[in-house]
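Number of protein chains: 2
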Amino acid sequence: MSSIIRVNMTTHEIKSEINKDYEFLGGRSLSSRIVYDEVEPTCEPLGRKNKLVIAMGLLSGTIASSASRISIGAKSPLTNGIKETNCGGVAGGKLSKCGVQAIIIEGKSEDDKCYVLVITKDGYKLEVMNKLKYLGNYDTVENLYNKYGRKTGILCVGPTGERGLRGACIASSDSIGELKFAARGGLGAVMGSKGLKAIVVDDKGCNLITYKDKEKFIELAKDYNKKLASDPKVTGTYHNYGTTAIVKAVNGMGALPTCNFRYGSTEHVSDLSGEKMNELILSRGGEGKLALSCMEICAIRCSTIYPDKDGKKLVSTMQYENIALLGSNLGMKNLDQVAQLNYEINNLGLDTIETGCALGVALDMGYGRFGCIEDCMALINEISRNTPLGRLIGNGALLTGQILGCDRIPTGKGQGFAGYDPRALKGNGVTYSMSTMGGDHTAGNCFGSRATVDPLGTESQGELSRTLQIQIGTLDCIGLCMFARGPLFADASILANIVNYRSGSSFDKDTIWELGIETLKLEREFNIKAGVSPAHDKLPEYLYEEPLSPTNAVFDLTEEEMLKAIV
Amino acid sequence: MSSIIRVNMTTHEIKSEINKDYEFLGGRSLSSRIVYDEVEPTCEPLGRKNKLVIAMGLLSGTIASSASRISIGAKSPLTNGIKETNCGGVAGGKLSKCGVQAIIIEGKSEDDKCYVLVITKDGYKLEVMNKLKYLGNYDTVENLYNKYGRKTGILCVGPTGERGLRGACIASSDSIGELKFAARGGLGAVMGSKGLKAIVVDDKGCNLITYKDKEKFIELAKDYNKKLASDPKVTGTYHNYGTTAIVKAVNGMGALPTCNFRYGSTEHVSDLSGEKMNELILSRGGEGKLALSCMEICAIRCSTIYPDKDGKKLVSTMQYENIALLGSNLGMKNLDQVAQLNYEINNLGLDTIETGCALGVALDMGYGRFGCIEDCMALINEISRNTPLGRLIGNGALLTGQILGCDRIPTGKGQGFAGYDPRALKGNGVTYSMSTMGGDHTAGNCFGSRATVDPLGTESQGELSRTLQIQIGTLDCIGLCMFARGPLFADASILANIVNYRSGSSFDKDTIWELGIETLKLEREFNIKAGVSPAHDKLPEYLYEEPLSPTNAVFDLTEEEMLKAIV
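Note that the protein sequences, when read in sequence, are chains A and B.
Take any residue in the first sequence, count from 1 to its spot, add 127: that is its number in this note's numbering.
Take any residue in the second sequence, count from 1 to its spot, add 127: that is its number in this note's numbering.
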């Protein structure tokens with residue numbers, strides 16, 4: 128059984144332990160469970176009592192495709208409830224190969240040094256690297272590569288995480304040194320508050336992954352990988368557009384956040400679309416690339432490198448949420464503008480969704496003009512310079528709006544909405560409101576369910592959200608990418624058996640979902656103890672009152688309907 | 128029976144109504160009851176669904192001394208729970224004489240005009256006075272006096288209330304045009320959010336106060352007035368020092384907030400003391416004055432005018448809380464500095480306690496130097512100029528600390544602590560934490576109870592806080608000043624009978640406290656529905672960990688002890 132590494136940042140001591148109770152847990156089921164077991168629900172999120180938990184998935188480091196996502200949990204400084212945020216990159220697989228089931232970062236360094244946790248086949252140690260202090264994510268990774276080699280996996284925070292800004296995220300390097308982000312909930316601020324700048328993992332010489340039945344596992348994993356690789360969604364959509372394929376569809380539904388969620392569609396949709404991204408990457412060439420994997424084994428390959436006119440890299444990865452929140456939501460007209468904002472926000476170590484929402488609010492209050500890239504870059508420069516206005520925006524949409532006096536703040540449970548206006552995609556409104564995660568894009572995203580539930584209707588939205596919370600939550604608990612769900616949901620016995628063959632559990636196609644259900648229940652219990660729910664299960668008032676063009680929809684679900692979403 | 132004036136700021140309609148259910152309610156018992164009955168607990172505090180309720184006391188406008196305080200209630204934008212804040216000034220008595228039991232301000236003006244509610248013997252109307260827009264409190268009152276006469280009573284908000292800053296208060300004019308403040312909880316922002324700049328009341332030709340038994344009332348009121356006027360606390364303390372008499376005592380206990388609650392005493396105590404204030408007012412002469420009344424009938428006369436070296440008025444009224452929060456808490460060295468800050472903050476329409484806490488946090492984070500009046504004036508200038516940093520500070524200590532990254536934020540339930548460090552006066556820690564009001568100075572202030580409960584001890588603090596919450600809460604419900612409590616608590620039958628003779632109720636010396644108890648229970652119920660309690664009943668973590676010099680006390684009460692304070 129793999130072990131848990133416990134790092135006390137107050138004493139700078141590290142120890143390793145094994146917990147039999149956690150034997151069959153991984154990903155979100157493990158990170159949320161440890162937070163539930165160890166973190167005082169009413170503690171200060173950026174204080175020494177909070178803990179940052181990094182948990183590997185149940186299939187992490189194996190040959191199963193898209194299964195090495197890393198799950199990071201803590202009490203969130205944005206929602207004041209529990210938060211789980213997961214991402215790709217190579218650290219998850221490498222940590223699993225090093226025999227690490229989870230890392231618990233606790234306490235808080237009392238000195239002003241910049242710490243890096245280094246994990247190799249020889250063990251683990253905290254090193255001081257003060258030259259990384261307040262360095263942007265890209266330079267941080269470059270410095271760490273120079274010291275520890277380019278085959279390491281890195282998790283790190285940018286200057287905003289070090290400065291405790293609630294919009295901060297945790298970056299995760301991929302195999303070519305590009306970054307993925309455990310973006311939501313401000314967990315970068317939690318990591319930064321502890322004095323930990325980065326975690327470096329070198330799996331050279333390690334392969335400590337164990338199997339209940341390796342032969343059956345490999346057979347089933349190969350079968351699943353093959354099914355996934357031939358899924359038309361994967362080959363047709365993700366390889367060509369990554370996650371940006373849906374821009375036109377969301378715009379067509381009237382749910383694309385535009386100018387601080389004032390409109391549901393933009394006239395610039397063509398120039399912001401996935402089709403345009405694909406066209407530009409192919410026509411501009413150079414460093415531009417489509418269909419990259421973010422982790423060692425992944426058939427989905429939704430990562431991209433978006434180049435400028437001269438073929439020089441602008442940003443990786445251009446994603447749907449970035450186009451929605453940094454593009455249309457800020458009134459931007461083209462993908463070059465989105466890429467420019469995206470790169471800077473990545474480098475500062477902020478969540479693009481939260482920061483896009485916060486920038487939208489700031490523009491709405493007159494701190495710049497919608498559609499003006501210079502004004503937005505000036506606001507981002509305020510964040511770099513750590514000015515009061517910069518700290519405001521870096522702390523997310525809710526605090527930005529409260530301080531600047533905005534009465535249109537697009538947040539759920541204190542967290543900025545993802546790229547779907549809840550008035551025109553009501554199921555997502557339910558998820559933003561009722562899920563344990565707040566305004567999230569993965570916690571139960573109802574986009575794509577139009578065939579079964581009318582996105583503008585008032586019926587079945589609660590049930591839809593609940594079902595998706597459980598389904599995607601279960602994938603989170605295993606450490607699987609949600610884009611791998613095609614073959615797994617088509618035959619859930621694959622999902623159950625692949626987990627069983629790896630870890631010795633005894634799930635079947637019906638009981639595998641209990642992983643998600645149990646985790647969501649624990650999370651909700653934590654939130655209630657933390658004082659977050661149910662009085663905080665409420666969307667902003669303007670959504671109930673202000674019709675959203677072009678559908679003129681308002682958010683009009685009954686409380687009864689909303690309550691159906693509780694797991 | 129007097130009537131309730133309901134002002135809809137959305138439609139600009141006003142109507143008058145009578146509610147038999149409220150017949151025996153007044154002050155806090157009425158304002159909190161109306162908020163409980165009419166305000167959706169989860170509504171946005173600065174949105175159209177919140178209501179601002181202004182309620183007259185049960186003895187308001189009569190000859191009973193110190194009994195015409197006005198009670199203002201709403202859902203607070205600072206605590207997100209119910210807030211009652213009361214103050215002196217002449218508006219309360221005058222509104223009672225005009226037959227007004229309460230005013231309910233609801234809705235939200237959708238235009239950008241500056242409205243004034245005018246109440247006279249001829250009725251009530253909303254007038255537009257755009258020249259008052261963003262005017263400071265002192266100029267606002269002067270403008271209103273010029274239009275409506277100097278014998279009117281005025282309630283108004285400064286520019287910070289109009290701008291929705293959560294530290295904003297409501298000013299109330301006294302008989303010489305000086306200002307008292309319904310200071311706590313950010314209710315100035317609620318009034319400002321509705322588009323209402325001021326309420327002017329002219330009671331000329333009105334005396335609509337009714338009595339159950341006028342003769343008995345007058346006889347008992349005269350007896351009470353006489354007792355109060357000869358109370359040594361009144362003649363010895365309030366006439367000479369106002370509320371500033373306790374500076375040395377709190378400093379001696381080690382509970383005087385000093386440099387953002389980092390220390391419990393200051394070396395500058397003599398120059399910040401009530402004795403010094405008395406000496407300076409007497410020696411400087413000129414416009415300086417002691418022992419002024421803030422309302423028509425008041426034997427306590429705790430108001431003062433503090434003059435500069437040339438005898439020119441600097442501020443009225445210099446109070447203990449201002450000396451604590453704007454003086455020692457900011458490292459100030461003398462009363463002239465306190466007076467200068469106090470005047471500017473009054474004029475901007477902010478609560479001096481909340482703003483003193485916010486400024487302390489800002490200085491602690493390096494946005495100025497403790498003890499440097501120029502630095503503090505520069506921060507206040509940021510508020511005047513409505514800059515992001517100014518909006519931050521004007522929004523109170525919690526948001527200031529959260530944005531600037533401070534882990535020492537002196538707040539309870541989101542509201543800045545009053546001038547007593549809870550580590551060295553633990554009963555106040557209980558009140559800041561457990562009362563419905565948060566970090567308040569009147570909701571159950573345990574200063575002065577040293578004879579019965581050791582302020583540093585861990586015993587009996589919950590019970591002490593509870594008793595004081597009920598006692599002072601009951602005075603709030605009647606509209607009586609807490610400094611009048613000497614003769615009233617010595618013989619509570621006076622308290623009961625004077626209310627009975629006025630309104631026809633049938634309280635006795637034991638049951639009169641039910642007014643407070645019932646109100647506190649309603650308030651707590653509102654808070655729980657609003658999602659505020661009990662997970663939010665927690666003081667900041669640093670108080671439990673950082674010893675406070677000179678006593679080296681930490682806050683160390685058990686949860687069991689704290690829970691005893693719940694009414």
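Fair warning: there could be bad hints in the mix.
What the hints assert, rightly or not - Selected chain A positions facing chain B (in silico; Cβ < 7 Å):
(1) Thr169
(2) Asn522
(3) Ala662
Claimed, not checked - Distance windows between CB atoms, simulated:
(4) Val255/A to Glu672/B: 17 to 27 Å
(5) Glu687/B to Thr137/A: 22 to 32 Å
(6) Lys460/A to Arg512/B: 49 to 59 Å
(7) Ile655/A to Pro359/B: 50 to 60 Å
(8) Asp637/B to Thr138/A: 51 to 61 Å
(9) Asn679/B to Glu672/A: 52 to 62 Å
(10) Lys656/B to Asp350/A: 22 to 32 Å
(11) Ile655/A to Asn679/B: 46 to 56 Å
(12) Glu672/B to Arg512/A: 45 to 55 Å
(13) Ser511/A to Asp239/B: 31 to 41 Å
Since the hints were derived computationally from the structure, they do not count as laboratory data.
Heads up, the beta-carbon is just placed ideally off N, CA and C, and yes, glycines get one too.
Consistency of the hints with the structure:
Given the 7 Å rule on beta carbons, the hint for Thr169/A holds: about 5 Å separates it from the nearest Cβ of chain B. Given hint, Asn522/A at the interface with chain B, holds; its Cβ is 6 Å from that chain's nearest Cβ, closer than 7 Å. Of the supplied interface hints, the one on Ala662/A holds, with its beta-carbon coming within about 3 Å of a beta-carbon of chain B, less than 7 Å. Between Val255/A and Glu672/B the beta carbons are some 25 Å apart, a value that agrees with the proposed interval 17 to 27 Å.
Take Glu687/B and Thr137/A: their Cβ atoms lie about 28 Å apart, and the range 22 to 32 Å holds. Checked against the given bound of 49 to 59 Å, the beta carbons of Lys460/A and Arg512/B, roughly 33 Å apart, lie outside it. For the pair Ile655/A and Pro359/B, the supplied restraint of 50 to 60 Å holds, since their beta-carbon distance comes to about 52 Å. At roughly 57 Å, the beta carbons of Asp637/B and Thr138/A sit within the given window of 51 to 61 Å.
At roughly 54 Å, the beta carbons of Asn679/B and Glu672/A sit within the given window of 52 to 62 Å. Taking 22 to 32 Å as the suggested C-beta distance range, the pair Lys656/B and Asp350/A does not conform, at roughly 53 Å. Hint check: Ile655/A to Asn679/B, Cβ distance near 37 Å, so the stated range 46 to 56 Å is violated. A beta carbon spacing of about 32 Å between Glu672/B and Arg512/A contradicts the range 45 to 55 Å that was offered as a hint.
For Ser511/A paired with Asp239/B, a C-beta distance near 35 Å keeps the hint of 31 to 41 Å intact.
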